[in-house]
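A.B. asks: Sequence:
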Amino acid sequence: MWESYLTGLVVCGGIIMAIGAQNAYVLGLAVRREYHWWSAGLCMSADIILLTAGMFGVSAFLLTMPNAMEAMRWLGIVFLSWLAAQALLRAFSGRQGLNAEAVQGHSLTKVIFATLAVTVLNPQVYLDTLLLIPAIGAQQESAGIFVAGASTASILWFSLLAWGGAALSPWLSKPIAWRMIDGLIGLMMATIAVHLVLASAAFS
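In this note's numbering, the protein residues as written are 901 to 1104.
Incorrect hints may have been included.
Stated by the list, open to error - Derived SDA-like pairs (lysine to any residue); straight-line CA-CA distance at most 25 angstroms:
| # | residue 1 | residue 2 |
| --- | --- | --- |
| 1 | 1010 | 1069 |
| 2 | 1010 | 944 |
| 3 | 1010 | 1041 |
| 4 | 1010 | 1059 |
| 5 | 1010 | 1064 |
| 6 | 1010 | 985 |
| 7 | 1010 | 1083 |
| 8 | 1010 | 1090 |
| 9 | 1010 | 1091 |
| 10 | 1010 | 957 |
| 11 | 1010 | 937 |
Please keep in mind that the hints were generated in silico from the structure rather than gathered at the bench.
Build out the structure end to end from the sequences listed, making use of the hints.
C.D. replies: Put into C-alpha cells, the structure is as follows:
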C-alpha cells in the first residue's frame, strides 16, 4: 500500500514539475501576490480530477479520439504563444517592481479564467494525467492509493509555488528583477509552444 502511495507521489511530482505553463503562471501570480492561492488551488483541483478520471477509464476513451487531442494541442499552442509574447514584451519594455502600493494587475475573474486556460489548453496535462501516469498506476497494487500519492504531489508542489513566490516578493522591488522573471516566463512559454508544434509535426 505504501509502495503504491510513494510511487504516485514520486512519479506525479516529477511530471508536474515539468509542466512549465502552469508552473510559470502560478509563480508569476505568486511573486505579484495576485490571487495566487486561487490559481494554485485550481491547478491542484484540476490535477486531482484528471488523475482520478485517468485511473478509472477516461484514458482508454481518449485513445479513440486522436482528432480531439490534436485540436487541443493547437489551441494550446496559440494560447501559450500569446502568453509568451505578452511576457517577452514586458521584459523588453520593463515595468514597475513590486511595492506595497502597487495596483493589482489582474482581477480574480481574469486569474481564474487564465488558470483554467493554461490547464485546459495544455495537451501535455492530458497526456500526463490521463495517459502516462495512469499507465504507471495500473501496475500498482492499489490504484486508489496511487492516485492519493499523485494528488499529494500536486498539492505539495503548487502550495510550494504559491508560498515560495509570495515569500520572494519583498526581494523583487526592482524593475530589473521583473524583467528577468518576465523574460524567463516568456522563454519557457515559447519553448513549450515550439515543442508542441514539433510534436504535432512528428505525429502528422
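A.B. asks: Are any of the numbered hints broken by this structure? If so, which, sorted upward?
C.D. replies: 3 and 10
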